[in-house]
Amino acid sequence: MKRFDYVRPATVAEAVAAAAQPGATYLAAGTNLLDLMKGGVSRPDRLVDVTHLDGLDGIETLADGSLRIGALVSNADLAHDASFAKSYPAVAEALLSGASAQLRNAATVGGNLLQRTRCAYFYDTASRCNKREAGTGCDARDGENRSHAVLGWSESCIATHPSDFCVPLVALDAIVEIEGRSGRREIALEELHRLPGSTPERESALEPGDLIVAVRLPAAAREFAAHARYLKVRERTSYAFAVVSAAAALRIENGRIAEARLALGGVAAKPWRARAAEDVLRGVAPTADAFQEAAWRALTDAKPSGDNAFKIELARRIVVRALTLAAVGTPARIPALPASPFASTSGAIHA
Amino acid sequence: MNHSISLTVNGARRDFVLDDPRVTLLDLLRERLHLTGTKKGCDRGQCGACTILVDGKRINSCLALAISHDGADILTIEGVARGDQLHPVQAAFIAHDGFQCGFCTPGQIMSAIGMMQEAQAGNDPERVRECMSGNLCRCGAYAGIVDAVLEAQAGMDESNQRRSA
Amino acid sequence: MPELNLSSAPAHLRHGSNIGQPLTRRDGVLKVKGQATYAADNHPPGMLFAVMAVSTIARGRVTSLDVAAAKRHPGVVDVMTPDHKPELAIDPEIKTNPFVFRMEVLQSNEVRYANQPIAVVIAETLEAATEGAALLAPRYETLPPLVGLDAGESFVPPVVGVGNPTENHRGDVEAALASAEKQIDATYETPPQYHNAMEPHAIVAAWEGDRLQVDMPTQGLMLSLARIAELFGIAHDKIHIRSPFLGGGFGSKGLMSGPPTLGIMAAKLVGKPVKLVLRREQMYGPVGHRAPTRQRLRIGTDGEGRLAALDHHARTVSSTFDDFYEPAADASHTLYAAPAIRTSHDAVRVNTGTPLFMRAPGEATGSIALESAIDEMAWACGIDPLAFRLKNYAEVEPITGKPFSSKALRACYEQGAARFGWAKRPLQPRQMRDDSGLLVGWGMGTATFPALMFQAEARAVLRRDGTGAMEIGAHDMGQGAWTALAQIAADELGLDIDNVEFKAGTSDLPDAGIAGGSAHTATAGAAIHSAGAAVIAKLADLATGDERSPLFGAGNAGVIARDGRLIRRDDESRSESYAEILARAGVAEVEARGTGAPNPAAMEEYAMHAHGAVFAEVKVDPELGQVRVTRMVGAFAAGRIVNPRMVQSQLFGGMIWGMSFALHEEAITDRRSGRIMNANLGEYHIPVNADVPPLDVITVEEHDPHVNALGIKGVGEIGITGSAGAVANAVWHATGVRVRRFPIRIEELLTQR
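So the protein lines, in turn, are chains Y, X and R. All residue numbers for the first sequence refer to our numbering, where the first residue is 21 and numbers rise by one. All residue numbers for the second sequence refer to our numbering, where the first residue is 114 and numbers rise by one. All residue numbers for the third sequence refer to our numbering, where the first residue is 55 and numbers rise by one.
By construction, these hints were calculated from the structure, which means they are not laboratory data. Ideal Cβ positions, reconstructed from N, Cα and C, are used throughout, including at glycine.
Have a look at the derived ranges for each label pair, beta carbon to beta carbon: (1) Y:Q312 to R:L197: 50 to 56 angstroms; (2) X:E239 to Y:Q312: 29 to 35 angstroms; (3) R:A434 to X:D270: 51 to 57 angstroms; (4) Y:A154 to R:P136: 34 to 40 angstroms.
Put together the whole structure using the sequences plus the hints.
Here is the structure:
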């Protein structure tokens with residue numbers, strides 16, 4: 021690990037000023053950053069430790085009914101907050117399906133949003149990677165790439181975003197509050213992560229010094245609580261990144277879908293909101309045919325970036341399943357195996 | 114640059130000067146405080162062998178900078194038993210052969226203690242398996258680990274009941 | 055190991071102190087308190103930290119290292135490179151015996167595989183050494199690496215495994231296949247796998263003048279000591295190795311490898327004690343692995359499902375610079391009674407660290423292919439897989455025609471099937487679903503592993519205070535040597551286990567042989583058995599030759615040693631304690647040595663193997679393809695069971711490795727660079743707790759008078775065999791999709807709904 025200066029600012033403003041310098045980066049729990057620093061993938065000159073800042077670790081309901089989650093709230097504290105889990109069950113389920121209990125205890129909400137890809141070529145500093153080092157090339161493109169992107173990728177980069185948490189968040193129109201050099205601003209989570217295009221090194225809409233201070237879920241997000249699930253296919257039962265995942269949330273009125281929300285994980289450089297699929301579900305009955313149609317719409321633009329064509333078919337199937345599970349209804353308690361196909365699947369599988 | 118930090122480790126306050134901000138809690142414990150019960154299996158948050166409790170919560174000490182945890186209260190495997198009297202989780206691990214080589218064991222035990230405090234798994238074996246999945250065991254002692262945790266949990270439930278009765 | 059105080063388990067857990075009792079681990083208290091000292095836990099005064107820099111190319115040479123940049127980093131003391139290192143006494147490329155493998159210890163700039171050590175940075179702190187290694191920024195001259203099972207021209211190696219013939223046959227396989235009523239011809243692939251013991255390889259080396267103190271996990275104290283002695287040109291008695299606990303070995307800590315050698319060199323270079331611990335990613339190269347295989351099985355039967363021919367060919371790889379060939383096809387030698395059998399191997403060379411022994415080398419890879427093929431053949435014949443195996447049960451070892459020294463496999467099949475409920479299995483695949491609609495499949499496999507014996511020596515002592523000691527340089531990798539061997543020692547000395555001082559784990563003790571081949575308990579146990587017998591004989595001489603003893607005249611054969619007393623066999627009212635005998639004789643103690651070794655006559659006469667039957671249930675999501683094992687039952691016959699608690703743990707562990715083989719483990723190599731792209735524990739998947747279902751082990755009683763004096767066959771490796779195939783066959787039975795490339799991947803199961 022490269023030597024760095026350690027800075028512990030007393031205020032958010034101090035933090036922003038300290039982190040705006042070239043070579044500086046924020047340190048929260050460090051569960052992703054330290055891993056990257058140990059691998060030589062990130063070599064910052066200065067760490068700006070925000071973990072001691074006041075006021076970033078609360079969960080509060082605002083006057084407009086939205087929920088504001090401080091950026092330093094841990095993944096575990098959020099998932100285990102009973103009223104949060106009741107109101108936003110798919111988000112809690114996604115959180116609990118990610119990483120391990122130890123990592124969830126440390127990892128923060130803000131950090132989860134900004135975690136870097138698991139692309140092996142990004143991690144392997146001897147490989148060419150346009151994301152790690154702009155303009156060097158992409159060794160994943162013709163490499164071992166069965167886990168890579170099938171949506172929104174470019175010849176420059178086929179990496180995926182690994183977060184589980186972000187998938188239901190983006191489906192529920194989450195908003196990110198950012199403190200920057202020019203003060204506070206907010207953007208939709210959907211706008212936070214960028215697709216690679218020809219500049220995969222620019223992963224987010226953040227500018228130097230920008231600090232995510234909170235994530236907000238609008239009041240309307242609560243209306244999906246009765247029909248919301250997150251489902252994640254993995255290569256082992258737990259403690260693994262998604263091969264493909266999906267968050268599905270339905271507002272069902274009088275037997276018809278008044279509104280649907282759908283997002284996919286593990287398929288693109290950002291949590292992938294599937295609006296076209298949502299559109300076909302609006303106003304129809306929650307039937308298998310409707311879900312199949314939605315699944316086709318969700319993956320219309322998908323194409324393999326390597327040995328990963330199976331992920332397109334898998335994504336279609338997981339969309340159908342997630343929608344089916346959501347239609348059945350949110351379980352009273354998060355299953356023992358959160359987001360797993362081996363959690364309760366009663367009635368969702370077609371014999 | 115030197116940084117003065119203080120930690121409470123297994124109940125005792127430790128003040129020291131850290132000459133290098135790169136030192137993780139794991140390397141601080143093992144290489145500087147010589148508390149080697151906590152193990153390094155992967156150093157990347159992928160195995161759980163380095164699990165300790167920080168302010169009562171189980172975390173991977175390999176991915177935590179010591180300097181950032183100034184003021185924290187740390188419990189390691191060395192602070193779990195009361196002298197010769199084993200913690201119920203420790204005793205249950207022996208009784209159920211919840212280990213073979215023993216290298217992942219301190220992390221497993223700290224994780225189990227942390228898990229019981231989180232109170233999410235209760236006495237459901239499936240939830241215990243899920244909640245203990247952050248601790249790899251290459252020898253494959255998982256069956257004994259789950260049995261040990263369930264027994265310790267049952268003992269804790271019983272003593273809680275007795276206390277509230 | 056004088057500082058090692060082995061505590062007894064809590065009293066309420068004790069069941070006794072003899073062979074066959076399920077004692078809890080005698081090292082258990084140390085382990086649960088974090089007080090068991092593994093190599094990297096040592097900190098001799100003045101110790102420095104060494105970190106290896108490893109190659110990122112797989113073939114070529116290092117053209118430059120920025121040593122100056124590393125040395126500029128505060129705290130860096132020295133950088134060891136091919137140009138700056140202590141000289142070795144012999145060229146490490148010279149293979150002085152078959153258990154010597156070539157290692158990379160900075161003898162040249164050549165790079166033979168990715169992750170090869172190319173320099174070592176020594177510093178005052180771990181942080182400085184680690185960053186110093188990164189600052190070396192090596193430059194290379196790169197050649198295109200050889201990667202994969204088709205990397206180049208294949209060849210037939212002279213031997214496979216440890217001296218096994220490359221080809222074996224009995225009968226005319228081609229003729230038998232040609233005239234067989236039914237045939238299958240199937241090709242299976244298994245990936246490279248890495249041991250990944252939880253404890254990374256580590257060494258703390260300290261030179262004191264010309265003496266060398268080493269803390270290092272090793273499965274072979276004496277082999278390591280001999281290798282160190284020849285590499286550094288020092289006498290055996292100048293070297294002391296401590297290895298009281300291994301954090302898992304699985305074969306990767308059996309033989310001296312490059313990294314610990316570099317640690318000793320580094321300590322010599324800087325004149326201070328040095329600790330060198332591998333980073334997890336550095337374990338994917340210089341410390342061995344299980345080679346990939348491609349195995350073709352052709353099987354033929356008559357019209358009734360009786361085997362006519364079995365042809366098993368395995369392609370494997372070795373490194374470009376040394377030879378170890380996974381003896382995968384040999385798995386077909388012992389299990390099924392085909393009148394015509396042929397096994398053969400060929401290989402290619404690739405730019406990889408040399409493959410080595412990994413838990414059940416050959417047996418594991420061969421077993422998953424053989425058991426899959428037997429399952430396919432049974433299905434082709436329309437016969438239940440268990441019935442098919444029983445129909446082709448080998449009453450004698452098929453490849454040699456030798457009788458078995460013992461074989462309770464039929465009982466394993468019966469008891470395992472009954473416990474599992476196998477009789478209810480539908481013959482057709484894709485017939486079973488659970489309540490939630492998940493596909494359910496049942497599969498089985500036969501387990502087998504040879505009952506091996508190596509050579510060992512032990513020293514037994516009886517003392518005037520009524521206690522005894524047993525000394526043997528045995529190794530506890532987690533299998534339970536501290537407990538099981540102490541149980542044997544107690545019985546052989548006729549003492550309560552708490553009155554026996556059991557010493558193991560250091561190189562100054564008698565040679566216990568290697569802890570491998572599932573033979574350690576048998577080999578070390580046999581030595582303990584013979585040392586115990588010898589020391590009791592000496593004690594009996596003292597008593598029976600002394601007219602003041604109640605045992606006078608009883609003769610050597612006429613006493614029983616029990617509870618610290620010698621007792622006349624023909625008159626149990628006449629006895630005398632060890633203490634009384636020694637006190638009257640005026641000696642402080644008597645001691646004797648004994649050896650354990652294979653019996654060549656018995657080996658000539660008999661085929662010696664442990665056996666088992668494993669039954670597995672899997673659930674598969676019919677649409678999403680994710681697989682989970684939900685139940686496993688293994689019934690094993692492995693001769694005498696010394697400690698049932700630890701044997702169960704060993705068998706559980708093996709079964710989990712089998713599951714992992716079928717569903718999880720795979721090192722993924724970039725075919726262009728030869729680098730392993732998942733050299734970590736996040737993406738090299740081994741099972742986590744949630745992957746492991748309730749497991750059930752039955753140990754079937756088996757008495758074997760031929761394998762060794764104690765009748766022990768060993769249980770360390772057999773659990774993988776059979777299990778991997780059972781899980782794979784269960785996946786087929788659940789889905790109807792036969793996957794022949796392991797591990798089974800989700801995409802292969804998406805073909806149907």
